[in-house]
Every structure is written in structure tokens, then in C-alpha cells.
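S.K.: Spelled out from the first residue to the last, the chains are:
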Amino acid sequence: MTTVEATAPAPPAPPQAPEPHGDHGAHVTNTGISNEKVAMWAFLGSECLLFGALISTYLLYKGKSDPDTPQPSELFDIPYTSVSSFVLLMSSVTMVLALSAIQRGDGKRLRIWLTTTALLGASFIAGQIYEFTAFVREGLNLSTNVFGSSFFVLTGFHGVHVTLGIVMLLSMVTLSARGKLGQERAETIEIAGLYWHFVDVVWIVIFTVIYLIP
Amino acid sequence: MTTLELPPKPALPVTPLPPPVLRRPRSITGAASWFTTVDHKRIGILYGVTAFTFFVLGGIEALLLRLQLARPNGTVLSAEAYNQLFTMHGTTMVFLVIMPLSAAFANYLMPIMLGARDVAFPRLNAFSYWAFLLGGLFLYSSFFLGGAPNGGWFGYAPNTSITFSPGHNIDFWVFGLQILGIASTTGAVNLVVTALNMRAPGMSLLRMPIFVWMSLIAQFLVLFAMPVITVALFLLMFDRQFGSNFFNPAMGGDPLLWQHLFWIFGHPEVYILILPAMGVVSEILPVFARKPLFGYPVMVFSGIAIGFMGWGVWVHHMFSTGLGPAAVSAFSVATMFIAVPTGVKIFNWIGTIWRGSIKLSTPMLYAMGFIAMFTIGGLSGVTHAVSPHDRQQTDTYYVVAHFHYVLFGGALFGLMGGFYYWWPKVFGYHLSEKIGKWQFWLWFMGFNLTFGPMHILGLQGMPRRIDTYPAGYGFEFWNLVATAGSFVIAFSVLLFIINVARSKKHGERAVGDPWDGRTLEWSITSPPAHYNFGESPVVHSLDDWWHRKYTEDEQGRPVRREDHPGQPVPDSPEVANSVHLPSPSYFPLIAAFGLPVMAYGMIYRAWAVVILGAIIVIGGIYAWGLEPSAEPGGHDDHGPELPGPDGDGGADVPDDGPQELVPAGVAPLETAAPESASAEPVTGEGP
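Protein sequence lines correspond, in order, to chains A and B.
For the first sequence, the working numbering gives the first residue as 1, with consecutive numbering after it.
For the second sequence, the working numbering gives the first residue as 1, with consecutive numbering after it.
Source of the hints: derived by calculation from the structure; they are not laboratory data.
Even for Gly, the Cβ is constructed at its ideal location relative to N, Cα and C.
It is possible that part of the hints are untrue.
Covered stretches of chain A, going by a simulated chain B footprint (3 or more residues, C-beta under 8 angstroms) [said to hold, decoys possible]: (1) 39–47; (2) 59–71; (3) 138–152.
Here are a few chain A residues that face chain B, going by a calculated C-beta distance under 10 angstroms [claimed, not checked]: (4) Thr-29; (5) Val-87; (6) Arg-111; (7) Val-167.
Simulated DEER-style distance windows between Cβ atoms [stated by the list, open to error]: (8) A:Gly-32 <-> B:His-564: 27 to 35 angstroms; (9) A:Val-93 <-> B:Leu-612: 35 to 43 angstroms; (10) B:His-564 <-> A:Gly-45: 14 to 22 angstroms; (11) B:Ala-79 <-> A:Gly-63: 53 to 61 angstroms; (12) A:Arg-109 <-> B:Val-569: 53 to 61 angstroms; (13) B:His-389 <-> A:Thr-133: 52 to 60 angstroms; (14) A:Gly-156 <-> B:Leu-612: 20 to 28 angstroms; (15) A:Gly-63 <-> B:Thr-75: 49 to 57 angstroms; (16) B:Ala-608 <-> A:Gly-45: 52 to 60 angstroms.
Isolated chain B, as found in the complex:
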């Protein structure tokens, strides 16, 4: 049981607990408590801060690349350094920035949007975060241990096999991604269960906020895509460490096997990156257009359609490998088809803001920027579905332009808008609108200056992944423009950091519902109490909070309800004190810590270290499984404990992935119990 900042309460150790190796951490405030927290909001913040730090690192790598390419025959970087930097730039932005930033938003928002008090498995959530952080640090430690990975973010074997990449560079990549894969898979299990099982009474599936839907689909994709790259990495690991022949053509190994496995993961991965940002934008647009999301069910189903079709298009990454006309035609058609649900979404966003009373606050600027930039990226994507065109553009800067328009112009625009939109909720103060708008326009211009010219460079035939180019091919001008643009983006990011620092001191304090929002996170105070909801909300419609505030007149215009205060009401102290949340724990961090230990042992073939790491992981998981989710003792305010360490179903299943080890998200369900038992059927009648 948490010591929730409760006033005087002599922390009496009721019964001497069985002598633990580590006494259960109890504090939920202070610097040290961040290491043991299981609160989804704090873990979400940790994800956000970590991912943003990696964003800065990946951005610095990009700036170095752009400096090198600014002029012909650049001498800023050696070819080897260039290879390492572009590999780390791609790997960082995909695995250490956009995925975890999406996880940050999902972690923080999903339970609140669902009306729950935490995710389904709070300690597993902490484990996912620590595994992500340690995996990222492990990957970056390669810079100091003989050189970073240098085989591209796609790591094509056999180029990455031991014959052609004898150093440890690729080993760091292989093991780093495996650790990150564990982190994201456990996170996906957690979030999927949360969305399916932890909804407040009345929150049918088709009343879930669109962000939750898009995150849910993305997490399903993580669940099914990650194992495929895990196998690819596993095979490569066996080739490199133990001399197997999976990617060794001399022994009958097939180089295309890697490409197939990688892109069967890689294309769903694209949607893993973009769907959450689409969800963010779909939350922002209705609020700042003051209209409901246009075609909510269609948005949901087009998201699901993208999730399914995303599995059938991977070969368009391989059109130039000579798979034959049948495969190429089939995947061309599939790739064109996937543009349909995507297009549906774009039209729905436009429909949402069409004739709305638009307020151009910073989040809205980012959301509208997203629509425009993502559409450009989507259209250049369709040109890749045309295989003759694709063959022409393969491995040129045209491809680089395309995927930056979807990942930067799409995902990062959306997520940056999400920062401005939810910042007041998360931290209790607004970011400066003035700096925010400057930041947006710099971001927007810098982005287009950097990546727009790459279309032209690509059409002119400039290949990607080259560390330099000779003068006289007509590449000079646009490369210089792109480099200039990249520094404009860097300046914009700097402005964002300044904005955060300044607003923390001078920013306007946020009320609970500063934007006149629609979803449940705005129905509680800013920042939320650590237990989110004093009482489990009962949901009656999509955009429930909006409908609590507004009714409609005859023309269908929103009219404020007079009986509603308009702003969330803080919980009474009695309610606040009665909430019972899972206790902090050391063990997620400890278990995660064993993973990089194992990986270092594998790389340097120190088997004792591998075993030590395995013992740490297994020991951590056992200790975690055997400790109750919420520590009994200390408080008397919660009536009798449920029998046994409640909710610890499967607390003792200490292997095969810790999924089933962790307790249910305890509190919300207990409070909700009387209602939810009878309340709503699970699958909903939509609005």
C-alpha cells in the first residue's frame, strides 16, 4: 500500500516482514522514487524525457551527416564515421525516439482516457521502460567500445555477417535491438490488456477515444511484428557468434531471407510509428475546431484496415531484388490499396475541421501541419507502389525524402502537437504560445527546406548512404539548402527546450480543462492526482466529458449545461486517502538490468557474465513475482485486505516472459465493481 503523502501516519512496521533482500520501497516522491515507480504517469514522463534525449542525440547525428553533405567532397566525417552515424541516426529515431515517444503518450494517457487508475500490469510497465532505457544506453555504449553499428538501420545480412562486418559494431546493434524488442513486446502486452480490460463502466470499445484506438492497433502490430525481427536478429546472432549459415551464401544461405524477415517486421513498424501520431492528431483537431471527430467509426475501422493491410505490402521494399513480375505486381496493388484507408483518414481530418470554429493554438498548428506534410509523404509513398518508378528511385534520396515526410512530417509533427496539447495536463502549466508558434513555423520551414530538396536530389539520381559526392552532378545547391534547413530544425528544437525551461517558471498555470476538451483526461485536475480518478467515471457516450459540459440546441449547436461547473472538481481528501494503488518496486529495474549484462557477456564471450546476467533477470522476476503488488500493512483505511496478496494471479510463474506475473491493475476495478459487473456490454453500439 502506498504511503501517499498522507499526513501524520506513523509508519509502523506492523509485522516484521519476512527479511527481504531489499526492503520494499515506499516513497512515491523524491528523486529516488523515480527508480521504483510503477505509476503509469511517471513512467510515461520517464519515457518522454528519455525519448526526447535520444531525439536530441539522433538529431546531432543528423546534423553531422548534413554538415558532411553540405558541400561536395566533404571532409567533416570519415566514411566509417558516416556509416556509423547514419546507422545510429536511423536506429535511434525509429527505436529510441518515435516508438518510445508513442509509448510515452500511450502510457500516460491510455489509462486516464479509459477512466482507469493504472495500466493492467504496473510493474511490467516499469520493466518495459527500464529495458528500453538500458537497451538504448547499451546501444550507445558502442561508441566508446570500438565503434557504433554501421550497417544501416535495416542491417542487411550478409553485409552485417561476420565476414563483412568483423567488428563488434553489429553485435551491439543485434543485442541492443533484442533488448528493445523485449521492452516493446512486454509494453505491448500491457497496453493491449489495458485497453481491452481496464475500461471504465460504460466505455464500450466504440466509445474509446481515438488515440486509444490507434495506440491499441499499433500495440497489436508491435506484438506481432517484434517477434519476426527478433527471429531475424536471432539468426544473425547465431551466424555471428556460433558459426551457423543462415545468411552465408557460400553454404546455401539466402540473403533475401534477411530482407523478407526484416521487412515483414519493417513495414508494420511504419504503422507502429505513425498510428499513435494519427491518434494524437485526431484528438487535437476536434478540440480546436470545436466539432466532433468526423466519422469516428470510420476512423477506427480505417485504422484497423491499415493494421491488417500493413502486413501485406512488405515486398515493396524489395522491388529491385528480382522477385519476379507476379510478386511485384501483387505487392504493387496491395501497396496502392493501403493508401485507401489512409486517404479516408485524411479526408476525415479535413471533414473534422471543415466549417469548424478553428482556434489556431500551437497544438492545432502542428496537427494541421501533420495533415499537409503527411499527405505529401503519403503521395510520394504511392509513387513507390508503381514498381517501374520504384526501381528508378530505389536507394536514392527520393526515398529519404519520402520516409522523412511520413516519419518527421507525420509522426513527429503529431507528437510535437501532442506535447503542446497535453503539457498543461501533465505538468500543470502551459507552454508559451508565443514561443510555440515561432517554434512551429521554424519547424515547418526547416523541415520542408531539409527534406523537400531531397525529392529533387533523388530524382536527379543522388544515391543514399554515400558519405560524399563529387562536384559537377548538380547536387551542390540542394544539398546546401537541405543542410541549412536541418539547422533551422535544430534551432526550433532548441526553442522547444527554451520554451519548456521558461514556461516551467513563468508559464500560465493550467486549469483541469484548459482547452475545453472532450475526453476523460480533461475531467480531472492538472496535473492529475497520482490515482487519476477518485471515483471511477461512468461513461455514457463518446467524448463523455464534452457531453457532460454541453448539450445541443435545435440547430445542433453546443450549449453549455448550466448545472455543470465546466471544470473538474478536485477530489475530497477522504476519497483521495482511500485510494489503494500498487506499491513501488525495485525488481522491474533489477530484472531489466540483467539484460544488458547478458548482452555484454555475449558480445565479449564472457559466459560467466552471461550467466550472471541471466541470474539477475531470473532472480528479479522471481522476487517480483513473489512480492505482493500492493504492500499490506501501514494503513488501516482500506478495510480488510482481499484474501491473499490480491490480484497476484500467476505471481509465481517466473519465466517465459513476465507477462503473467503481475497483478491486475487493482484499484479501478475494485471501485468500479458494483457498476461494471452489470453495466455495459463490452462491444459497443457506436454513437
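Isolated chain A (complex conformation):
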């Protein structure tokens, strides 16, 4: 590797037929991890600070609301939220199954598991919408007190993340159905999975901080 000139110029001539499992350049980046995956990790790192700041805000205002206004302890239905949290957690399992399916080249199961994941996520969102309306009915809204402000913004922000994730999953189901998401694109699912698992993990933190810690 001394002479620069010696190496063949651009066109990687026929011999080096691209491998069927081509991980989109995963082998040729300096880190050995594809650009897309590093980008997703960097983005998730950024997201940590986003949720970190929101969770800190919630904690700062914990117990600071006027006692005459609705309080967390009066509103929370912990068994109900536990169930919807469990639903969201299970969606991580189905996401892993989807990844495993595409790695085996099983497009049909890929679509089944992606759809299941999206449905579980949608159930979680439906639960959240129900919870929000229940709280509003009981007199808590965004401007009632600082608890209302910080609760709705934090959980709502997370809900938006889950919703975007659902859109992403359904887009992939469509792509797969149109034959554009073959085995060689397994990493796409893996990267989408990173996002999905991240959103789940964040929910575990939020659930603990908001609902479980008195």
C-alpha cells in the first residue's frame, strides 16, 4: 500500500461482485459500523439530552403545584398505565422478531411482526389518549398547574415519538410488501429498531419517574 498510483481507480471492476449480504458499506467504514447506524446512535444521544431536560423539568416541578388543584396521586391509575406500559414493552419483543425475520429473509413474517409492533405501539398511544382525556375530564389541563404543564408536555412529547415510530414501521411494511425491503436491507430494520427500543427505554424511565416514585 505504498504507491498511490498503483491502486486501481474508481470503478471496482467486475471481480469484486458485491456480496448478497452487503451491509451497505458496513465493511468499509473506518469504524466498521455503517454510516446510517452511527448516525442513528448520534441522533439517539442527542435525544437523551432532549428527554433528560424534559424529565428534569418535571422533577423540578414535582410537588410544586397548588394543593387545591388536581394532584398526581389523585389522578394516576397505576394498574391501567402499567398495562399500557407492558404493551409498549412487548412491542420491543415483536420488533426483535421482525429483525430476526428479515435476517432470515422471511418477508412475510417481517411484515407480520412489524405490523404487530405498530399495533402494540398504537394501543399504547390509544391508552395515552384515553388517559389524557380522563385527566382533562377530572380538571387537569396544560394550564391548571405546573404538574399539568410538565406532565402533558413530557408524556405528550414521548407519545409523538412513538407515533412517528409507528409511521416509520408502517412505511416499512409497505416497502416490504412492494419488495423493496429484502434480506440485504436487514440493517434498515435494525436501525429502525434502535429508535423503537430507545423510545421504549425512555418510557420505562418516564413511567418510573412520573408514576412509580411517590
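With chain A fixed as given, assemble chain B onto it according to the hints.
M.R.: Here is chain B on its own, set in the frame of chain A:
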């Protein structure tokens, strides 16, 4: 696949492509192609031109402020106009000038310095630029829509909440900064991935040019600091638009929450602004002292140390808020400590030029000016770490003097030096040295005349952010000096513009390596071919280009290698024609265009417009995700396409930030593949 200026090639539409909404743009030359370009060099130039334009605007705002303050009881501006102008001046210089100028240099130089053909995600790069431009225009449109933001660049809530700022001024600030935050975050993801993943074979981390290192650290800071201000802006937006109580003390909201969030972002932001300029200076000094950078690894690690410690000093912006002795002491100590790695850098720069054979070209003048002025700013910064002193100086002109010495005396000196240094590389001609030296000395004197007296004014107790002052406090003389100085700076900027215009016609044509440079950008022609490198370079050491040109004699003095031509050799046409780059695209611009549409809709509560904007953004991202990065068809010179639209990993993930949508930077890796697969371990043995 690009139509690269190739000679006759009947542009045959091979197969009728699936009827696109917009036919894929193909041209990479001409005025229209600037709107669709994904070439990191052109995007870098766009960043530079845009940021410089905003620099002129921010400068005009500053001149108006100085005119108002030139005499006691000034009547040039009303108090309201003064508030708007100082707010826009600060916001412009931070978000629309120094950050994007650093992005301009990083965009243009980082891939070339790494030996790559583009950034990791070329279309995302274009998106970042357009979001930045449109965010800036959105912010400035406020002047015509009822008044510009008027709450200071820090926008302290609750002063900026709806109760105290009922107009739309602050809304423009809130949404404008959110758009700019999206622009810089996506840019940061892109540049971080580029530096980590796109290095040429042999370019271990500790062989990366120091500018790349400093930019990488700054981009990591962007990545982690931006979300914090995003949350702050988000909360303020909810307070203003939807009646939440985050900053409403009447309902238990805590005004300090804003300050904490803002400065947790704001202090790393200071390093986001200064680190790239430090990198520029660290590139210039070795070339014009003809010595390697003194203590390269130490420079790298002190940069990393600054990056980490920058997160632990934000409270020194809040010493006067009454946080109690424990917090104040801890943050005082941390602030003093961060001066250590900064001091290490200053000594390394001095070590670099110490006993070098110094050539005082214009870039070198700026770099040496940087060292001196930044040191003054750094020292006045340390005085703020001393909290009793800080309390005395809070909100006085002493603070204004301090941060202008680091941001103007530091960042802008460095970046201006970078203009003169890389201008021949980027545009193929030199800026006039003669005008350049005049410009430097005017810049230097004007700067010190303007901001030096502010130290004295501050110590005398002149508060900042006041639109006027009465006579008789002893402020008259130095204010007049400062105003005079500001016009000297303006004249210097004018000279720079004249220099550019004149040199474009009369300037000396640049060779590939006009300064006898050290890093890879000098190993290619000026201006570079659109593909940068015909063949991926193989890197054997730090300052690889220098070592290709020079060897050492027994005394360690550089001796030219006889077998090296000394100047870059242009690529043969076969090589040039075989390069395969990502195609231009409309969609980054379209997706970015939806952002201000959404923002206007939010401000005027026209929900249909918000939805329209969202549809534009999402539609743009989908279209972008579904189009291949490089258009197949048209050329036959590249052998079979890789299976599928290559490198489009995740092309179909159309939401949560487009990061994963975009293809890999395709070409360089392909060429490099045979080498790099085995070549070098990633983390390097340093030199």
C-alpha cells in the same frame, strides 16, 4: 449518476423512470444547480456566502447601536428599536454568523482533509443548509411583520413570556431558533459520522488534521447542547401559545429554570463557536511557521477536555441569581479549571511559532492576532470565575468586552484568517495580500478601539442593554472611542469585500499548493475537482502531504524530496470520468421549506398552514427517502450498479429526523475498499 460535464453523451433516458412529481435534477453547473446541489464544497460555499451576508446585517445592527451610544442621551434609536437591534445583533452573530461560518469551513474542508469525496449524507447536508437559510430569513422577516425579537439573545423567561412580551417578536425568536436548531443538529449528525466513518485508508483518528478534530468536538457539543435549548424553547412556546405555566411564577413556575436550560446550552455553545476557529488557527500557524503543530496530541486532548468541562461551568452565567455559596464555589472552581486546557492550547500555539521561519502573510497575521486577542478575552473570562468580581461586573460592559474579545477577537479573527488561507483553494485565486494586510491592521485596530474601552466602561459601572445614558457619569469619552472603532471595523469589512471583488478579476491564479501546506486539501488542484480525489489517498502519517514532499536531514530540517513534483498533479480524464457521485436533489430544499411554513402557521395560529407545512416536510422527506442517492441510467462507465439503489440504507424511514434516510457517501468508500478493508486500525497510534 451525475452528468459531470462529460463531453458528448446523449442524455438518453434509458428507461422511462416512474413518473416523478419532479424530474430528478441532473445539472451540476449553472445558477439553478445551486438549489439542488448535494456537493459538500458548494454547500460549504453557500454556507459561507449566507453567513457572511448575515454578518454584514448583524454588523449594520451593531453600527446603529454604537451610533445611538456615541453620545449621552442618544436619539438615533427608540428604546424599542434598540432592544430589537441588540437582540438581533446577538442572535445573528451567534446563530447566523459564527456557527454557520464554522459549518462552512467544516463542510468544505472536513471531507477533503479526511481524503473523502463527500460528507456521509450529502442530501442531509443540503437540508441542513436550507433549513439554516430559511430559519435565518424567517427570523429576519420579523422586521416586516410587527417587529423583531426584543428579549436579548438569551431570551430570559418570564420576561419573554406572553405577559411581558405580548407581541409576536418573541415568537419569531422561538420558532426561528427551533428551525436553526434542526439545521445544526442534522448538520452535527452528518459531520460526526463523516469524521468517524469516512476517513481515507491510513487516516487514524490521531492522524486527522487538527481542524477536523476541533470541528468534530464542536459538532459533538452541538449534538448534545442543541436539544437542551430546544426543550427550553419548546416550553416557552407552550407557555406562549397554549397557556402552560413553565415560566409563570404566579402558578409556581420557576424563572431560574429558563436560565439553567439556556446556559446548559449556552456555555457549550461558547465552545461550539470557538473550537472550529481554534482549529483554523492551528492549521495556519504550522504552515506559516514551517514547523509542525507543537504537541498535536496534547492539542487534541485539550480540545476534548474543553468539550467535557464546557458542560460543568454554566452557572457562572448565573452567579448573581442567588444560588448559594456551595453552587457558586463549585462552579467558580470549575470555571478556573477550564482555563487550563485553554491555556495549554495557547502555549502550544506559541510553541508552534517559536523559532519557526515565520512568513507574515495575511492568514498568519490573523492567526497571531487570534492568539493575542483570544488570550485577553480568556483572561477577562478567568476574572469572571472569581465570583465576587463577577457579581460586580454582571450586566456591565465589562462582560460585553469579554465576550467580544473571545468571539470577535477569537472566533472571527480565526475565521477571517481561514478565509485568506483557504480562499485560493476554494476559488482558485488569491486574495490580494496588500489589501489583506491593510484589512488586517484596520480590523485589529478597530476591534481594540471598539471593545478595549468597554472594559473600562464596565469597570466604571456602565450597564449593558441600556438604550442610552445620561451625561456626567464619565461614560462619554470611551463610548465615543468605541463608536469610532466600530466604524473602523466596518471599513475593514468593506475592504474585505473590495478585496474579493478585485481579486476575482485581478488576483493571482492559485496553484494546488500555494502555501506549501501540510494537509490533504493541498494535495489536489485549486479549486478541487467536484469529486475531490480521483483516487482515494492513502495516509501514512500526520500531515501526510507535507511528508510526501519533504524528508529530514540529520539536524531534523526539512529537505525536499526530489522524486516529488511539489505540486498536486491533476487527475487524468479517465479517472475524472469514472467517478460516481450522488445526484442533485430537490427534496432537501423542499423538506426544509416546510419548516418556516409550519412556523408561520404556529405564530398566526393558522392550523391549516401548520398542517400544510408538515405535509411539505414529511412529503419532502418521503420523496427524498425513496429516490436513490445516485440516479442510475445515463452512464455506462461505472460497471454494473451495485444491487438496488446502493447505499440507501434506511431510505424508507421517513420521520423522526431524517438522519438515517440518506445514503452513505458512496464513492470514496468504494474506491477505497480494497485498501481500507484491511488497512488501518481505526484508533491510531499517534505520530
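S.K.: A separate judgement is required for each hint: does it hold in the structure or not?
M.R.: These are the hints, each one checked on the structure:
1. Closer than 8 angstroms: that is the beta-carbon criterion, and the stretch 39–47 of chain A has 7 residues meeting it against chain B, so the requirement of 3 holds.
2. Only when three residues or more bring their CB closer than 8 angstroms to a CB of chain B does the claim for the stretch 59–71 of chain A stand; here the count is 5, and the claim holds.
3. Residue count for the stretch 138–152 of chain A with a Cβ under 8 angstroms from a Cβ of chain B: 8. That meets the three needed, and the coverage hint holds.
4. Of the supplied interface hints, the one on Thr-29 (chain A) holds, with its beta-carbon coming within about 4 angstroms of a beta-carbon of chain B, less than 10 angstroms.
5. A hinted interface residue such as Val-87 (chain A) counts as satisfied when its beta carbon comes closer than 10 angstroms to some beta carbon of chain B; here the least separation is about 21 angstroms, so the hint is violated.
6. Hint status for Arg-111 (chain A): violated, given a least beta-carbon distance of 13 angstroms to chain B, over 10 angstroms.
7. Because the beta carbon of Val-167 (chain A) sits about 5 angstroms from the nearest beta carbon in chain B, less than 10 angstroms, this interface hint is met.
8. Taken as a hint, the range 27 to 35 angstroms holds for the pair Gly-32 (chain A) and His-564 (chain B), whose Cβ atoms sit roughly 33 angstroms apart.
9. Look at Val-93 (chain A) against Leu-612 (chain B): about 38 angstroms separates their beta carbons, and that is inside 35 to 43 angstroms.
10. Checking the proposed 14 to 22 angstroms range against His-564 (chain B) and Gly-45 (chain A) shows it is violated: the Cβ atoms sit about 43 angstroms from each other.
11. Taking the beta carbon of each, Ala-79 (chain B) and Gly-63 (chain A) are about 41 angstroms apart, not inside 53 to 61 angstroms as hinted.
12. A hinted range of 53 to 61 angstroms for the beta carbons of Arg-109 (chain A) and Val-569 (chain B) is consistent with their spacing of about 55 angstroms.
13. At about 55 angstroms, the CB distance of His-389 (chain B) to Thr-133 (chain A) agrees with the hint of 52 to 60 angstroms.
14. At about 22 angstroms, the CB distance of Gly-156 (chain A) to Leu-612 (chain B) agrees with the hint of 20 to 28 angstroms.
15. Between Gly-63 (chain A) and Thr-75 (chain B), the C-beta spacing of about 51 angstroms keeps the proposed range 49 to 57 angstroms intact.
16. Between Ala-608 (chain B) and Gly-45 (chain A) the C-beta distance comes to about 36 angstroms, which lies outside the given range of 52 to 60 angstroms.
In this structure, the earlier hints numbered 5, 6, 10, 11, 16 are contradicted, and the remaining ones agree with it.
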